[in-house]
Amino acid sequence: MSVLVLAEHHDGILVGATAHVVAAAKAIGGDVDILVAGENVGAVAEAAAKLDGVAKVRVADHAVYAHQLAEPMGALLAELAGDYSHVLAAASTTGKNVLPRVAALKDVSQISEIVEVVDADTFKRPIYAGNAIATVKSADSLKVITVRSTGFDAVAAGGSAAIEAVDFVADNAQSTFVKQELAESDRPELAAAKVVISGGRGMGSGENFKLLDGIADKLGAAIGASRAAVDAGFVPNDMQVGQTGKIVAPELYIAVGISGAIQHLAGMKDSKVIVAINKDEEAPIFQVADYGLVGDLFEILPELESKL
Amino acid sequence: MKVLVAVKRVIDYNVKIRVKADHSDVDLTNVKMAMNPFCEIAVEEAVRLKERGVATEVVAVTIGPKAAQEQLRTALALGADRAVHVETEERVESLAAAKLLAKVVEEEQPQLVILGKQAIDTDNNQTGQMLAALAGLPQGTFASEVAVEGDKLQVTREIDGGLQTVELTLPAIVTTDLRLNEPRYAKLPDIMKAKKKPLDVKSPADLGVEVASKLTLLKVESPAERKGGIKVGSVDELVDKLKNEAKVL
Chain Y
1 MSVLVLAEHH DGILVGATAH VVAAAKAIGG DVDILVAGEN VGAVAEAAAK
51 LDGVAKVRVA DHAVYAHQLA EPMGALLAEL AGDYSHVLAA ASTTGKNVLP
101 RVAALKDVSQ ISEIVEVVDA DTFKRPIYAG NAIATVKSAD SLKVITVRST
151 GFDAVAAGGS AAIEAVDFVA DNAQSTFVKQ ELAESDRPEL AAAKVVISGG
201 RGMGSGENFK LLDGIADKLG AAIGASRAAV DAGFVPNDMQ VGQTGKIVAP
251 ELYIAVGISG AIQHLAGMKD SKVIVAINKD EEAPIFQVAD YGLVGDLFEI
301 LPELESKL
Chain A
1 MKVLVAVKRV IDYNVKIRVK ADHSDVDLTN VKMAMNPFCE IAVEEAVRLK
51 ERGVATEVVA VTIGPKAAQE QLRTALALGA DRAVHVETEE RVESLAAAKL
101 LAKVVEEEQP QLVILGKQAI DTDNNQTGQM LAALAGLPQG TFASEVAVEG
151 DKLQVTREID GGLQTVELTL PAIVTTDLRL NEPRYAKLPD IMKAKKKPLD
201 VKSPADLGVE VASKLTLLKV ESPAERKGGI KVGSVDELVD KLKNEAKVL
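Heads up: the sequence lines are chains Y and A, in that order. For what it's worth, the working numbering labels the leading residue of the first sequence as 1, then goes sequentially. For what it's worth, the working numbering labels the leading residue of the second sequence as 1, then goes sequentially.
Chain Y with its partners taken away, still in its complex shape (with noise of 0.2 Å):
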């Protein structure tokens, strides 16, 4: 058994779900590889190398692999594949393009989101927004999966792989990358965070989030928003929690003005303490509250912020 897990980088830098997707490795069993495949990632590759539990690192370094774009990179992987039992990535945005595609090249099944190895070819994954969790078990030579990182302890940094360049070059007439917007934040990453605090359609505003800012710097949080405060415009779409946008599972996750619709508490319902604060004392999010408090945010916030 043999696993291969695809790095997941931007903008020259590891990214921490990666250390998740090598936990998940490991517990399959097997020598597990790191594909880290970009153009000039050879610091990517270097910060792999150190992942404890990597046997080795391949590189794919060419221009043609630049923002990872679902064509080449499902070409290059489905090349890869046959020297592996699984191949796994994090179910992050680039996981979830890329991995159906080898899947399908390969004639085999695909698995999202695992949060539990069962053993080699058993899983458990949530399904209905997380609202029943499925077992599954796959029959084919070649697994495909997709691992949701706040299943998985990250593995620590302390290893030193080697690290060997692979020659294949996939060609891509089909796709060209035009341009990326990127969110500016100096906050701690929204699915990594141990503290999250999100606001959600009682904040009224855009403007009223800045009540957020003093909390999120007292608790070093990040903050993330419901899919109603995305919609309503008070915040970009990268900040929404839930089924659609991104699961957490934070030490604390504070949800002020958000009600609790079941697409949202998919994102976050395995947070370790939930506090919701909210002025309607029926909002199904007390069900899942450690502890609520019901009253008017904008009372609460400020004196929150004044006490921490």
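Treat the hints as calculated values from the structure; they're not laboratory data. Hints may contain errors.
[Claimed, not checked] Rough simulated footprint, nothing fancy, chain Y against chain A, three-plus residues with beta-carbon under 8 Å:
id : stretch
1  : 16-23
2  : 150-161
3  : 217-226
All residues carry an ideal CB built from backbone N, CA and C; glycine is no exception.
Chain Y is already provided as a structure; the job is to place chain A on it using the hints.
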């Protein structure tokens, strides 16, 4: 150009689901079903392309039991011109669905295929990507904006951290994200007219596709219940509980 839209019949997104007592699956008897919300967005986008004069014909397709024709009729009422139903009572996994759709694409030769990014029942987020691979076409997944320019397609995609724009050669596959558009409601006269629009029924055997999967669903369980929490009376009490009881501050 011709646009093909794939739709799926799923449990209504407002329904609180129940796991069957024998843990074999989720209980779907006597539960309200509807078109998957992401598929509604796909239909809406196709109809808008037609209204702008970009698309000449919109074909809706679904795979599933007889009852799934309801969702095809909904797509027709929203503006699709005709429908194709691949009828099967079996559980169809993403790979088989993509193979069936690839056959329909081969027959229909659309310039653009629009699917939802994921179905809210299985939460897989796979079929569009698999179809693209099988049909040998480029993919624009998680689209929040789509623009046809000659024989090219510009797709703005929602990615972690922001937005990315890619240009694809046509024909291409697009999967919709929530912010692509706001789907319209079907009007009563259109619902009546939709009953007369053509609807072809095929079987997986007609298309030469084997539906059986190598993936077995062993068990479905309810997720671990969260313990009932408490309501606190003040900010002071909240901070105290977080510090001394939960120990997360």
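Check: So which hints don't hold here, by number, going up?
Finding: The structure breaks none of the hints.
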